[in-house]
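J.: Starting from the given sequences, assemble the full structure and let the hints guide the process.
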Amino acid sequence: MMHRIIDLLGNKKTIAAVFLLSVMVLGSVFWSLKQEVTSQTLERLSDQLSLALNNQLDKERETALRLALIMGKNTALVAAVENDDEDLGFKILSEVMESIKTHTNAFIRSQVITSDYIIFTRSWDRSYAGMPLEYFRPDLLYFQNHHNPRSAIEVGRKLGVKATVPIYHKNNMLGFVEVLSFFEPTEEYFNRLGINLYVLMDKRFYEMAVFMQENPSIGKKYILANSKYTQNDIKLLNEIDYHMLINSHTVFHEGKYFFYEPMKNGVGEIIGAFVFSLTEKQISNYSHSEQEDISFLIPLSRDQLYDTMAKESLGNAVFQTMYDKELLYMKDVVAPEDRELYLQEAHERLNTYSKEELIGIMLNYKVSKKVQGEIR
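The letter at position 174 of the sequence shown is residue 174 when you use this note's numbering, and the numbering goes up by one with no holes.
Zero decoy hints are in this set.
Below 27 Å or equal to it, Euclidean Cα-Cα: the simulated DSS-like pairs (lysine-lysine) are: (1) 203 x 158; (2) 221 x 235; (3) 101 x 91; (4) 220 x 203; (5) 221 x 158; (6) 59 x 228; (7) 158 x 59; (8) 264 x 221; (9) 264 x 203; (10) 256 x 228; (11) 264 x 158; (12) 235 x 281; (13) 220 x 235; (14) 220 x 264; (15) 158 x 235; (16) 256 x 220; (17) 281 x 256; (18) 256 x 221; (19) 228 x 203; (20) 91 x 170; (21) 158 x 91; (22) 281 x 228; (23) 203 x 235; (24) 264 x 228; (25) 221 x 203; (26) 101 x 158; (27) 256 x 203; (28) 256 x 235; (29) 220 x 158; (30) 228 x 101; (31) 235 x 264.
The following label-pair restraints were derived from C-beta to C-beta distances: (32) 91 x 347: 29 to 35 Å; (33) 216 x 134: 25 to 31 Å; (34) 39 x 126: 52 to 58 Å; (35) 350 x 131: 34 to 40 Å; (36) 105 x 354: 41 to 47 Å; (37) 213 x 88: 30 to 36 Å; (38) 280 x 350: 50 to 56 Å; (39) 95 x 246: 41 to 47 Å.
Calculated directly from the structure, the hints in this document are not laboratory data. Quick reminder that beta carbons are idealized off the backbone N, C-alpha and C, glycines included.
T.: Structure representation (structure tokens):
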């Protein structure tokens, strides 16, 4: 009898051990699967946040460049620069920007810089007229060997998008018209969606960016460029392992996921970082969504997603320069008095293209506007 009890107890222990081992194995499998799904979700979300960011930055660059191109064709402003009439230059520039603000509720900053890199006038402030910029704006040296406008993220006395258009009179370069944007539209876009976007400038530009020297330092590497932030934002940003974030593009800290996107200037040099912050709940909602694109989290249309992807894939393969592309985009916004000058400029630029290139421009322009399909 005693032997049978011992055997029974032994069998129960064996069964319990096998059951426990099975539970551990299954738990390990389920944990591994969960980690894999989480990793895939974060990777997909990181890619799509990057896509949404680039879409917004494209809008900032293109809007700034279009305005700068229009101002560069303003004959009265060009005459003011030629005659060194700062008062008239300020009057023209400030009135145009004020008109834009009145009718669109958008505050636009514009300035004119002389050919020897001195501030001629600014639309929002007259106190810096006559100030030399050569030390603060090495990106302007680009125009010593190039004549086409450009719009890019650059470090000056402050980090931001700078659309720069050379202005000429009788083939003599008088200076530059610039429209400046400091990421406010992009920040506000993501903030409305409950996503924090932090704009970080590399600290090696500290001496140059004099208007940012009072901004908070973030770790050993960055300076915060956001105009609005909280002390909790600074605390969290200072606790992030940026070496890990740059290498993996995603880190988890204090209940939030942080995503990294490098910030590049007009020549492709990394000059800072964009960092997104999302809560666990946002990530969970995204991972359980039946949709597989960012439109679940961000109301970005599929047409906009496609347009951004098309721009990235086409690059400069169709247009010789961004200036040529913007010439076509601005055809519907040129003032009547500048129409003849605009058509002359467009005709001269398009004459440099072969017949095959012009056909390619027309085809790609139509495709980018009309293509439909599913984006994943």
